[in-house]
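4 protein chains.
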Amino acid sequence: MALLAGVVGFRGYSGVELQKILARHQYAAPVLLEHRADSAPEILPLGHQGHQVLSTQADEVAAAGIGVVFLATPPEVSMTLAPPLLERGVKVIDLSGAFRLKTVERYQQWYKEDHSQAQWLADAVYGLPEFYRDAIPGARLLSNPGCYPTAANLALRPLITAGVIDRSAGVVCDAKSGVSGAGRKPSLKTSFCEVTENFSAYSILNHRHVPEVLMNSGLEEREFSFTAQLIPIDRGILETIYFRTQNIKSGAELLDIYLAAYAKEPFVRIYPEGHLSDLRRVARTNFCDLGIRFDAATGRAVVVACIDNLVKGAAGQAVQNMNLMFGFIETEGLL
Amino acid sequence: MALLAGVVGFRGYSGVELQKILARHQYAAPVLLEHRADSAPEILPLGHQGHQVLSTQADEVAAAGIGVVFLATPPEVSMTLAPPLLERGVKVIDLSGAFRLKTVERYQQWYKEDHSQAQWLADAVYGLPEFYRDAIPGARLLSNPGCYPTAANLALRPLITAGVIDRSAGVVCDAKSGVSGAGRKPSLKTSFCEVTENFSAYSILNHRHVPEVLMNSGLEEREFSFTAQLIPIDRGILETIYFRTQNIKSGAELLDIYLAAYAKEPFVRIYPEGHLSDLRRVARTNFCDLGIRFDAATGRAVVVACIDNLVKGAAGQAVQNMNLMFGFIETEGLL
Amino acid sequence: MALLAGVVGFRGYSGVELQKILARHQYAAPVLLEHRADSAPEILPLGHQGHQVLSTQADEVAAAGIGVVFLATPPEVSMTLAPPLLERGVKVIDLSGAFRLKTVERYQQWYKEDHSQAQWLADAVYGLPEFYRDAIPGARLLSNPGCYPTAANLALRPLITAGVIDRSAGVVCDAKSGVSGAGRKPSLKTSFCEVTENFSAYSILNHRHVPEVLMNSGLEEREFSFTAQLIPIDRGILETIYFRTQNIKSGAELLDIYLAAYAKEPFVRIYPEGHLSDLRRVARTNFCDLGIRFDAATGRAVVVACIDNLVKGAAGQAVQNMNLMFGFIETEGLL
Amino acid sequence: MALLAGVVGFRGYSGVELQKILARHQYAAPVLLEHRADSAPEILPLGHQGHQVLSTQADEVAAAGIGVVFLATPPEVSMTLAPPLLERGVKVIDLSGAFRLKTVERYQQWYKEDHSQAQWLADAVYGLPEFYRDAIPGARLLSNPGCYPTAANLALRPLITAGVIDRSAGVVCDAKSGVSGAGRKPSLKTSFCEVTENFSAYSILNHRHVPEVLMNSGLEEREFSFTAQLIPIDRGILETIYFRTQNIKSGAELLDIYLAAYAKEPFVRIYPEGHLSDLRRVARTNFCDLGIRFDAATGRAVVVACIDNLVKGAAGQAVQNMNLMFGFIETEGLL
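So the protein sequences, as listed, match chains A, B, C and D. 79 is the number that numbering that gives the first Met the number 0 gives to position 80 of the first sequence; each next residue is one higher, with no gaps. 86 is the number that numbering that gives the first Met the number 0 gives to position 87 of the second sequence; each next residue is one higher, with no gaps. 221 is the number that numbering that gives the first Met the number 0 gives to position 222 of the third sequence; each next residue is one higher, with no gaps. 56 is the number that numbering that gives the first Met the number 0 gives to position 57 of the fourth sequence; each next residue is one higher, with no gaps.
No lab work stands behind these hints: they were computed from the structure. Heads up, some of the hints might be wrong.
If chains are identical, the list can't say which one is meant, so a pair holds when it fits in one copy or spans any two.
Restricting the straight-line Cα-Cα distance to at most 20 Å, the calculated cross-link-like pairs of lysine to aspartate or glutamate (EDC-like) are [claimed, not checked]:
{"#": "1", "residue 1": "LYS101", "residue 2": "GLU59"}
{"#": "2", "residue 1": "LYS19", "residue 2": "GLU331"}
{"#": "3", "residue 1": "LYS184", "residue 2": "GLU264"}
{"#": "4", "residue 1": "LYS263", "residue 2": "GLU112"}
{"#": "5", "residue 1": "LYS19", "residue 2": "ASP165"}
{"#": "6", "residue 1": "LYS90", "residue 2": "GLU112"}
{"#": "7", "residue 1": "LYS188", "residue 2": "GLU252"}
{"#": "8", "residue 1": "LYS111", "residue 2": "GLU86"}
{"#": "9", "residue 1": "LYS111", "residue 2": "GLU75"}
{"#": "10", "residue 1": "LYS188", "residue 2": "GLU129"}
{"#": "11", "residue 1": "LYS248", "residue 2": "GLU220"}
{"#": "12", "residue 1": "LYS263", "residue 2": "GLU220"}
{"#": "13", "residue 1": "LYS188", "residue 2": "ASP133"}
{"#": "14", "residue 1": "LYS101", "residue 2": "GLU41"}
{"#": "15", "residue 1": "LYS248", "residue 2": "GLU222"}
{"#": "16", "residue 1": "LYS111", "residue 2": "ASP294"}
{"#": "17", "residue 1": "LYS188", "residue 2": "GLU329"}
{"#": "18", "residue 1": "LYS188", "residue 2": "GLU41"}
{"#": "19", "residue 1": "LYS101", "residue 2": "GLU75"}
{"#": "20", "residue 1": "LYS101", "residue 2": "GLU112"}
{"#": "21", "residue 1": "LYS90", "residue 2": "ASP133"}
{"#": "22", "residue 1": "LYS184", "residue 2": "GLU86"}
{"#": "23", "residue 1": "LYS184", "residue 2": "GLU41"}
The shape of chain A in the complex, shown without the other chains (with noise of 0.2 Å):
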């Protein structure tokens, strides 16, 4: 019998993203939940009936025998939403920020905003499977990696740990990300007139999803530099880091420090040396792809770093930990 998944946010772009890939699971099912009315219903073709849609009411997700609830809302409505889930015994992956950092005060710093739960701070595990494979299946509350910091750690993190970056001249990560990034919500910012034929930077130095990376990458705020950017696209992120080596000669040094390290990842895929991928060939898929550029006069290296923001960057990452909590085969549903 599958597993069955409620989809909290089912309307926003990533709670999209969710119903179609849990629609081509073969273990689960999506359940959508609904935490606000709301009056306009889908029109459907005729004959065609519509998905069922329970409250988020804990009890009556426990008692529908919803066994994963996904939260693909805001922080605020996260932090209400999962504890009385939790304790019902119902896993929770949440798709929000608010489980993502360590303590209130690091939340507070970067969110400007409240903590309300303080306790389950502790208890979330962050789901980037490529590096916390084994502590996944034992999650209660699964919190899933911003759209950001999954590409910017995929990228980092091995290269860091192997030692070869010059972290004394810094690493700069220029990210440009679609604008379905933004959420669902109509503003003024994501409209489609302000958006077609401009480019904008949006957020720099300070967005919130930086202390993820260094959480993560081992990194020091002051040798971190991070732009967010908007491009007139639909969905994807791209991100171009540059740093300064160390302790290496060629370019196929870094590339083996990658290989090594993802060789048996199922979604991070390594191009040959002075080869890039672009957006087209990761939309809609769960693959992160690098790709790296090493000027051995110099030592001077950028990698080029792409996915989908609503798959790997969301809700395709969110289903591989719930494979992962579940026991499933990791790529199911994904491939």
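Starting from the structure of chain A, add chains B, C and D where the hints point.
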């Protein structure tokens, strides 16, 4: 009587922009010069007469009373066309990279091609008016700056001159351009279906515009990391520039350096600290917009520079140079 | 001394376009009029001063010496603002649909709202200069045509007048518009991620612009089928108009009718038979481009009409009307 | 054992789509067939092996055990490749227009080219499963319908058969397509900068897809007006179809005709009256969505039909046909 200004390459994107700007110029009038047979005349509305088109043959150009010729052509075409015109006393404003670098060796190193007109390299004046306004009026051969270097040099040179950039940590310039920068010739890389909903890096650390930035900013190659990337838009360049500061304590000091350097410049706009421009603000204008963000705790800074690649990055700056060469008001045709 | 021209709704897309056109007008100068408190002043470059903003209070407007006010506002706002201004002798050019139809009943039928200013309906002059040039100079209240009807009427009226359309078979106008036509207020329907890589029909047979076409072309409602559709672009309207001809034998005869009707019109361009314009050709211009294709074997014909919805479809035509009302050269500010 | 399915033209947009669909098909496996030397092999991630590529030589194809070949090639290439394969007993599904029309004269009239394989025209089965499901299993040479006719015929044929369209007034089909419909070969017309922020009509009354609509719907040429237009998007076709009704009094009657015709069809969806689909709803699916609006007062009706031109309009329908030809479940690989 108006200055007759020849335009070679008038069907290309920079050439069309030159036609538009010259058509509204009070003291100059465009004359189209054809350097190759072309089979498809433009379809015009009934009763509308197309421009007369002359050849690029130097004697005919001189005989027609043309005082200046804009070359919106590839470098190898510019090398062929410029010398005979110059020898007949016709001034030349070249929008290609043919005469931007100062030595044949430098050209061969970055353009991977021979240079057939070494004798003209020394004579060419590099036309970035904000820095070389004094030399431009005397130019016979004016070399119009590249699109990427225009933004990068306007952003970097005053700060480097003021000594506030810690060059030992390196400067990163992450550059993004609209597709018109690649020219009008059809190719798979600029086909609609390959570009839309995509974003890609195409030239990392080895772009041929790099030596122009080094030459004008004073940076060494090992200090300057540059990546060019393709935005799915028609026009516009945004450069995100990262560096560590020295000798300053606030963003206001950076702004003061810019304000001092550009106080009298009609085409450079500086934004209040923490505010940035974007590509919509500079589209179809000759402005270069500069904005900064400074992190006082760590001394890191980011500058965002925006131009329209076809205007300040090509045709607009070319006319700005023509205005200076012929004693017209610098902003004529450009506001 | 310049005519002071007030602009209400100056932050909207038509309002910004009005500002641009008036800023380069030789005989008029824009004055911004605020009809509600607005919390977010635009960020300007350092040293650049914003426009002074006055209130829309009629006494103040008159006292400031403002001779004409453009209302780029919704119909219900225009109804409130226009009468007090008119009573103080200030001319009004209204870009909304408030005063386009001739009776309250007609307005209620198509706008599904009450009309509070019936007494002004008869007084308003419909400002399509190509047909009503004689009436416009005497207008106090000028009602600027809707964007869709501007293109449709310019395409249809001369042909209907000439009797070459077989009305019994009906006329189809399939209209497509860029997103700016929906205004600047954020909504899900105009959010980037909903519009990009999409195309949708949003108003079939019942668009409120239909009665404007009937009123000017002489067609009956049953003879005219109109659909409005959203193109994922910023600006531009293309209408594909289908009909059966009568009393003619060639496309040249259709062209002759257009040429006779528009021979002296500065803003209507007719293309050679079989050639069509497109939205790039009219973008940021006040032109309406018309092209035809005629099938001699069956007598069917298709007209393609293109305008920029913000220029000939709104702000540009409004200034064209101002020019006629105040005796300026009709094309001033618009070429 | 899986059916080996050859794909010629596998680098084109339809060919890539075929590869994707076949890769997830349970009973078939793609084999790439190269019909010309190609200099640029695709760059693959390290450790990922590309598909083996065979030649299109008919003996080799047969010897390799390939049971069916998809030709995603231009008509003149399909004419050359199909006969030798068919003679060796390999079934052929041709996505070009080579074998869609029934006579050489008809082909010459609309394609303006000779047809070299007249003997195969009669043998070819036109593969629109919703109408010709019985004939498809026995096909040797299956001619896959054009993208525009697929949507037009699904929209029109049931209504014409039911006699509810007043043909004397004519039927208008205003069709819009994404750019991938023009194929992958670079050209100025499909260059990004020419297409973005543009919209254009490119084939009025004389598109070569017209006879396919006439042939299947029963309409006469004089009764059917068709225009093809280019939307600045990657994929999708929306057709807005106008006609006058007869013998009906409500939109519900039109819907009933559709519901009766398509009750058991897995890939046709009918929307409630007054509601329409759009291109996002059908993107990357094999669905054809139909919606109507009916004006009871005048009897006019409009149908909006949406498909993905690369799926239901090409590769998806081709696999649907393969499923029928080989006795697989019709929806395999397509849901």
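With 20 Å as the alpha-carbon cut-off, assign the pair LYS19 and GLU331 to within, between, both or neither. Classified as both: same-chain Cα gap 13 Å, cross-chain 18 Å, threshold 20 Å.
What label fits LYS188 with GLU252 when the C-alpha limit is 20 Å: within, between, both, or neither? neither (42 Å within a copy, 30 Å between copies)
20 Å Cα threshold - placement of GLU112 relative to LYS263: neither (39 Å within a copy, 44 Å between copies)
Given a CA cutoff of 20 Å, do LYS248 and GLU222 count as a within-copy pair, a between-copy pair, both, or neither? between (23 Å within a copy, 18 Å between copies)
At 20 Å max between alpha carbons, let me know whether LYS188 reaches GLU329 within a copy, between copies, both or neither. Neither way: LYS188 and GLU329 sit 37 Å apart in one copy and 35 Å across, limit 20 Å.
Are the CA atoms of LYS188 and GLU41 at most 20 Å apart within a copy, between copies, both, or neither? Cα proximity of LYS188 and GLU41: across copies only (14 Å, versus 25 Å in one copy).
When Cα atoms must be at most 20 Å apart, do LYS184 and GLU264 count as within-copy, between-copy, both, or neither? neither (35 Å within a copy, 36 Å between copies)
At most 20 Å between CA atoms: does that hold for LYS101 and GLU112 within a copy, between copies, both, or neither? So LYS101 and GLU112 pass the 20 Å test inside one copy only (15 Å; across, 56 Å).
Which holds for LYS248 with GLU220 at a C-alpha limit of 20 Å: within a copy, between copies, both or neither? Cα proximity of LYS248 and GLU220: across copies only (18 Å, versus 27 Å in one copy).
Status of ASP165 relative to LYS19 across identical chains (alpha carbons, at most 20 Å): neither (42 Å within a copy, 42 Å between copies)
As a check of your reading, is LYS111 near GLU86 (CA-CA no more than 20 Å) within one copy, between copies, both or neither? neither (28 Å within a copy, 52 Å between copies)
When no copy is named, should LYS184 and GLU86 be tagged within, between, both, or neither for a Cα gap of at most 20 Å? Result: close neither inside a copy nor across copies, 31 Å intra and 43 Å inter.
This entry does not satisfy hints 1, 3, 4, 5, 6, 7, 8, 10, 12, 13, 14, 17, 22, going by the numbered hints stated previously.
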